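Trainee: As they're listed, the protein sequences go chains A and B. All residue numbers for the first sequence refer to the working numbering, where the first residue is 1 and numbers rise by one. All residue numbers for the second sequence refer to the working numbering, where the first residue is 1 and numbers rise by one.
I should point out that these hints are in silico values taken from the structure, not numbers from a laboratory. Just to be clear, a hint being listed does not mean it is correct.
If several chains are the same, the list does not tell them apart, and a pair holds so long as it fits within one copy or across any two.
Unchecked claim - For lysine-lysine, the following DSSO-like pairs were computed, each having C-alpha atoms within a straight-line distance of at most 27 Å:
| hint | residue 1 | residue 2 |
| --- | --- | --- |
| 1 | Lys41 | Lys176 |
| 2 | Lys41 | Lys118 |
| 3 | Lys198 | Lys22 |
| 4 | Lys198 | Lys94 |
| 5 | Lys186 | Lys22 |
| 6 | Lys148 | Lys22 |
Computed from a predicted structure; not experimentally measured.
2 protein chains.
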Amino acid sequence: MEVYHLYSGGKDSSLAAYILRKIGYEVKLITINFGILDSWKYAKETAEALGFSHEVIFLDRGILEEAAEMCIRDSHPSNAIQFIHEKALEEVAKLRHVERISDGTRRDDRVPFLDQRKTRSLEDRFNVQYIRPLLGLGYRTIRELTDKLFVVELKESEKLEKSDYEVELRYLLREKGIDPLTIFPKKHLQSRVLGWKKEKGHL
Amino acid sequence: MEVYHLYSGGKDSSLAAYILRKIGYEVKLITINFGILDSWKYAKETAEALGFSHEVIFLDRGILEEAAEMCIRDSHPSNAIQFIHEKALEEVAKLRHVERISDGTRRDDRVPFLDQRKTRSLEDRFNVQYIRPLLGLGYRTIRELTDKLFVVELKESEKLEKSDYEVELRYLLREKGIDPLTIFPKKHLQSRVLGWKKEKGHL
Numbered sequence: 001m002e003v004y005h006l007y008s009g010g011k012d013s014s015l016a017a018y019i020l021r022k023i024g025y026e027v028k029l030i031t032i033n034f035g036i037l038d039s040w041k042y043a044k045e046t047a048e049a050l051g052f053s054h055e056v057i058f059l060d061r062g063i064l065e066e067a068a069e070m071c072i073r074d075s076h077p078s079n080a081i082q083f084i085h086e087k088a089l090e091e092v093a094k095l096r097h098v099e100r101i102s103d104g105t106r107r108d109d110r111v112p113f114l115d116q117r118k119t120r121s122l123e124d125r126f127n128v129q130y131i132r133p134l135l136g137l138g139y140r141t142i143r144e145l146t147d148k149l150f151v152v153e154l155k156e157s158e159k160l161e162k163s164d165y166e167v168e169l170r171y172l173l174r175e176k177g178i179d180p181l182t183i184f185p186k187k188h189l190q191s192r193v194l195g196w197k198k199e200k201g202h203l
Numbered sequence: 001m002e003v004y005h006l007y008s009g010g011k012d013s014s015l016a017a018y019i020l021r022k023i024g025y026e027v028k029l030i031t032i033n034f035g036i037l038d039s040w041k042y043a044k045e046t047a048e049a050l051g052f053s054h055e056v057i058f059l060d061r062g063i064l065e066e067a068a069e070m071c072i073r074d075s076h077p078s079n080a081i082q083f084i085h086e087k088a089l090e091e092v093a094k095l096r097h098v099e100r101i102s103d104g105t106r107r108d109d110r111v112p113f114l115d116q117r118k119t120r121s122l123e124d125r126f127n128v129q130y131i132r133p134l135l136g137l138g139y140r141t142i143r144e145l146t147d148k149l150f151v152v153e154l155k156e157s158e159k160l161e162k163s164d165y166e167v168e169l170r171y172l173l174r175e176k177g178i179d180p181l182t183i184f185p186k187k188h189l190q191s192r193v194l195g196w197k198k199e200k201g202h203l
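Only chain A is shown next, with the shape it has when bound in the complex (with noise of 0.2 Å):
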């Protein structure tokens, strides 16, 4: 039972990888990026210090060109992200061997997130399953695992080396002569995972 794995390097994307493969599931990661930068191998790393296999999917840059619009129409990144994460979910779903997708959403998330119409129309559209690990888990819950089981890296996404949409998106907004300061929260911080904290059991 292989899983295509939507895959950022980050706490939860981590923590839904593990949950999926302790189940009996067959995970291969997937980073998603738009050939502007290689943030992607920041994602690669972690995938390999975890144990995973990885591969890198490149999407089209109008896909991002789009987002960064959006971006500055609504001085917010909401809508961007939560149109990038659709379309990615929908390439990774179209390929043929795919059955299954998943990704690290969880119950508290505004963005991204496909509510259950928009859920079940890219299940019923590629006849895939898509399954996420986390929408079943509170904030307090996926702390108390990522914590017992990640060695983490935390800081201000303007510094981290990482691999989400985000960062290609600061990137491509700069080069438009935009400040992302102008669009993204101030301090926001995230993290990149860097392995397991204890090697047994986890594999």
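Start from chain A and add chain B according to the hints.
Mentor: For chain B alone, kept in the frame of chain A given last:
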């Protein structure tokens, strides 16, 4: 990390218990009973077959009486099942030693189901984590996993030796001279887990 998991012996609550144990929780199975029938014993049998510790918690018969009245008023069991489940979660959550509660409710369930507001209210009022391992899983994913893991017995609700709320609720309705078949859907197939498909690797 102990979690108190509401358990009927069915596929969903068994799968949720399996996931919780796999990701590192010490799982305590709890079956709710109203002291009318000894229907809890089927869940206990299944719990033992799966190698989980199991406990029965007896709730006030008045809760079931109120639920029976709801069934009669609505000619449908949805509100009653929802009512009992919320009471059951609260009763377990309020126990002093309980820090985490869980159940087998699924993404595609209508009842019992706690929406975001009720979920947070439960967690806040009783200072517990409420964990739902199946919330991010669709029916195909759940079927695939339970088919792989469990030996299952499938029967009509009226005939199955089960431990869920319905069993005592149907009995109480009959006692009141009401035919449960006028309230519950007719050909309602339900499942009971008998054991692991293969012994290895699940414990």
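Trainee: If a hint holds in the structure, say so; if it doesn't, say that too.
Mentor: A quick look at each hint next to the structure:
For a Cα distance limit of 27 Å, the shortest separation of Lys41 from Lys176 inside one copy, 24 Å, qualifies, whereas the shortest one across copies, 67 Å, does not. Proximity of Lys41 and Lys118 under a CA criterion of 27 Å is satisfied in neither setting, with 30 Å inside one chain copy and 41 Å between copies. Taking the shortest Cα distances, Lys198 and Lys22 sit within 27 Å of each other both inside one copy (16 Å) and across copies (16 Å). Within a single copy, Lys198 and Lys94 get their C-alpha atoms no closer than 37 Å, and across copies no closer than 34 Å, so neither meets the 27 Å cut-off.
In this assembly of identical chains, Lys186 and Lys22 lie within 27 Å of each other by CA distance neither inside one copy nor across copies; the values are 36 Å within and 38 Å between. Within a single copy, Lys148 and Lys22 get their C-alpha atoms as close as 15 Å, and across copies as close as 14 Å, so both meet the 27 Å cut-off.
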